[in-house]
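Working from the sequences, and respecting the hints, build out all of it.
Those protein sequences? They're chains A and B, same order as listed.
Positions in the first sequence are counted from 1; adding 24 to them yields this note's numbering.
Positions in the second sequence are counted from 1; adding 24 to them yields this note's numbering.
Just to be clear, a hint being listed does not mean it is correct.
Put simply, identical chains are the same to the list, so a pair is met inside one copy or across any two.
[What the hints assert, rightly or not] Pairs of lysine-lysine, DSSO-like flavour, derived with a Cα cap of 27 Å: (1) Lys-67 - Lys-158; (2) Lys-81 - Lys-30; (3) Lys-67 - Lys-81; (4) Lys-30 - Lys-191; (5) Lys-30 - Lys-126; (6) Lys-47 - Lys-81; (7) Lys-48 - Lys-64; (8) Lys-30 - Lys-48; (9) Lys-77 - Lys-158; (10) Lys-64 - Lys-47; (11) Lys-126 - Lys-48; (12) Lys-81 - Lys-48; (13) Lys-30 - Lys-64; (14) Lys-157 - Lys-81; (15) Lys-191 - Lys-67; (16) Lys-47 - Lys-126; (17) Lys-191 - Lys-158; (18) Lys-81 - Lys-126; (19) Lys-64 - Lys-77; (20) Lys-126 - Lys-191; (21) Lys-74 - Lys-157; (22) Lys-74 - Lys-47; (23) Lys-158 - Lys-81.
Derived by calculation from the structure, the hints in this document are not laboratory data.
Protein chains: 2
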Amino acid sequence: MNFSSKILEEAVLALSSLPGVGKKSALRLALHLVQDNTEKHIKIASALQKLAKDIRKCTVCCNISDTETCALCLSSARHSQVICVVESARDVMAIEDTNQFKGKYHVLGGVISPLEGVGPSDLSIDLLLERIKKEATEEVIMAISPTIEGETTIYYISRLLRETGVKVSVIARVQS
Amino acid sequence: MNFSSKILEEAVLALSSLPGVGKKSALRLALHLVQDNTEKHIKIASALQKLAKDIRKCTVCCNISDTETCALCLSSARHSQVICVVESARDVMAIEDTNQFKGKYHVLGGVISPLEGVGPSDLSIDLLLERIKKEATEEVIMAISPTIEGETTIYYISRLLRETGVKVSVIARVQS
Chain A
25 MNFSSKILEE AVLALSSLPG VGKKSALRLA LHLVQDNTEK HIKIASALQK
75 LAKDIRKCTV CCNISDTETC ALCLSSARHS QVICVVESAR DVMAIEDTNQ
125 FKGKYHVLGG VISPLEGVGP SDLSIDLLLE RIKKEATEEV IMAISPTIEG
175 ETTIYYISRL LRETGVKVSV IARVQS
Chain B
25 MNFSSKILEE AVLALSSLPG VGKKSALRLA LHLVQDNTEK HIKIASALQK
75 LAKDIRKCTV CCNISDTETC ALCLSSARHS QVICVVESAR DVMAIEDTNQ
125 FKGKYHVLGG VISPLEGVGP SDLSIDLLLE RIKKEATEEV IMAISPTIEG
175 ETTIYYISRL LRETGVKVSV IARVQS
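Right under this line is the structure:
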């Protein structure tokens, strides 16, 4: 593509590195931003910079957080006897949106997948075990997707938890 | 949506202000950036900041440019006797990609559209007229979309150019 501007070309290249954004969409976005008032892209740029610099993982549950310990872990309104184990921060949002769960969460950061080179040590399983001991957890609910990798992960964690005496349950699923 | 992080929420809001990006896509993009290494979003953020600060319109042809006068206008390899009039910077790219046109361009910045409140004074028509006089242009090629608004714009500019004696032509179109 013939860009009349190097700055535009760089913006298109940067935007097209996003998932699901091809070169054409990136050009459309960049041209929209150029034609638009400048406030919008300064807002986006500063939001992304903050995202890069200030966002971190909660040291307790590994969820995305602005602070060292996330608001969900700090909340006294939530009972810590029940921990819901999920794959990603997105799952926490989905469950929170239902407004039905009042326990705490633990974000694994993925599932065990030998094909993709993800082993148990790449997930926050050790942290989960430590936490269960420290917080005197009574129940662990596995809210992990019913794929082969997901089932393997559930099995792996369940085996580790067998010794601790904690009740392990899996969320209800629609049988397909 | 229940965001566990204010920073994430701001990023999702900012990204969803882009055309064609809904809240769900914005969340997907933001979470991808969080999970990814931070280099990528710093790159995107700085590219967008540059886009906001440093990009400008070429003072001659109104195309997007990094400098006061764009590379196409400065190029001595292009003959200034022919000016191709287009709606937007995207059209310049499209024509440049064909590698067939060796004249210069003039970007109107839209078409006359009373319904959307765009009158001739909102477009760079005055600048085009001045330029034609100054550069001793021989031919103006209208590469404007064949909509009612486009045809109106072509007619309007053609009438203004009638006095100058410049040849006005319209690019070939496929009859539908």
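Status of each hint after checking the structure:
Neither within a single protomer nor between protomers do Lys-67 and Lys-158 lie at most 27 Å apart by alpha-carbon distance, with minima of 42 Å and 41 Å respectively. In this assembly of identical chains, Lys-81 and Lys-30 lie within 27 Å of each other by CA distance solely across copies; the values are 13 Å between and 36 Å within a copy. In the homo-oligomer, the alpha carbons of Lys-67 and Lys-81 lie at most 27 Å apart both inside one protomer (24 Å) and across protomers (22 Å), since each shortest distance falls under that limit. Neither within a single protomer nor between protomers do Lys-30 and Lys-191 lie at most 27 Å apart by alpha-carbon distance, with minima of 59 Å and 34 Å respectively.
For the identical chains of this complex, Lys-30 and Lys-126 are inter-copy neighbours only, at 21 Å across copies versus 51 Å inside a copy, given an alpha-carbon limit of 27 Å. Proximity of Lys-47 to Lys-81 under the C-alpha cut-off of 27 Å is restricted to the inter-copy arrangement: shortest distance 22 Å between copies versus 32 Å within a copy. In this assembly of identical chains, the alpha carbons of Lys-48 and Lys-64 lie at most 27 Å apart whether taken from the same copy (20 Å) or from different copies (19 Å). Taking the closest pair of Cα atoms, Lys-30 and Lys-48 come within 27 Å of each other only inside a single copy of the chain (17 Å); across copies the shortest separation is 31 Å, beyond that limit.
For the identical chains of this complex, Lys-77 and Lys-158 are neighbours neither inside a copy (31 Å) nor across copies (52 Å), given an alpha-carbon limit of 27 Å. When the C-alpha separation of Lys-64 and Lys-47 is checked against a cutoff of 27 Å, the pair qualifies both within a copy, at 21 Å, and between copies, at 16 Å. For the homomeric pair Lys-126 and Lys-48, the shortest alpha-carbon distance between copies (25 Å) is at most 27 Å, but the shortest distance inside one copy (44 Å) is not. Taking the shortest alpha-carbon separations for Lys-81 and Lys-48, only the inter-copy value of 22 Å comes in at or below 27 Å, while the best intra-copy value is 34 Å.
Taking the shortest Cα distances, Lys-30 and Lys-64 sit within 27 Å of each other both inside one copy (21 Å) and across copies (18 Å). In this assembly of identical chains, the alpha carbons of Lys-157 and Lys-81 lie at most 27 Å apart only when taken from the same copy (21 Å versus 63 Å across copies). Taking CA atoms no more than 27 Å apart as the test, Lys-191 paired with Lys-67 passes in neither setting, with 47 Å inside one copy and 46 Å between copies. Taking the shortest Cα distances, Lys-47 and Lys-126 sit within 27 Å of each other only across copies (25 Å), while inside one copy they are farther apart (43 Å).
Taking the shortest alpha-carbon separations for Lys-191 and Lys-158, only the intra-copy value of 16 Å comes in at or below 27 Å, while the best inter-copy value is 84 Å. Proximity of Lys-81 and Lys-126 under a CA criterion of 27 Å is satisfied intra-copy only: 21 Å inside one chain copy versus 55 Å between copies. For a Cα distance limit of 27 Å, the shortest separation of Lys-64 from Lys-77 qualifies both inside one copy, at 20 Å, and across copies, at 12 Å. Proximity of Lys-126 to Lys-191 under the C-alpha cut-off of 27 Å is restricted to the intra-copy arrangement: shortest distance 17 Å within a copy versus 75 Å between copies.
Neither within a single protomer nor between protomers do Lys-74 and Lys-157 lie at most 27 Å apart by alpha-carbon distance, with minima of 35 Å and 50 Å respectively. Taking CA atoms no more than 27 Å apart as the test, Lys-74 paired with Lys-47 passes in both settings, with 25 Å inside one copy and 19 Å between copies. Taking the shortest Cα distances, Lys-158 and Lys-81 sit within 27 Å of each other inside one copy (19 Å), while across copies they are farther apart (62 Å).
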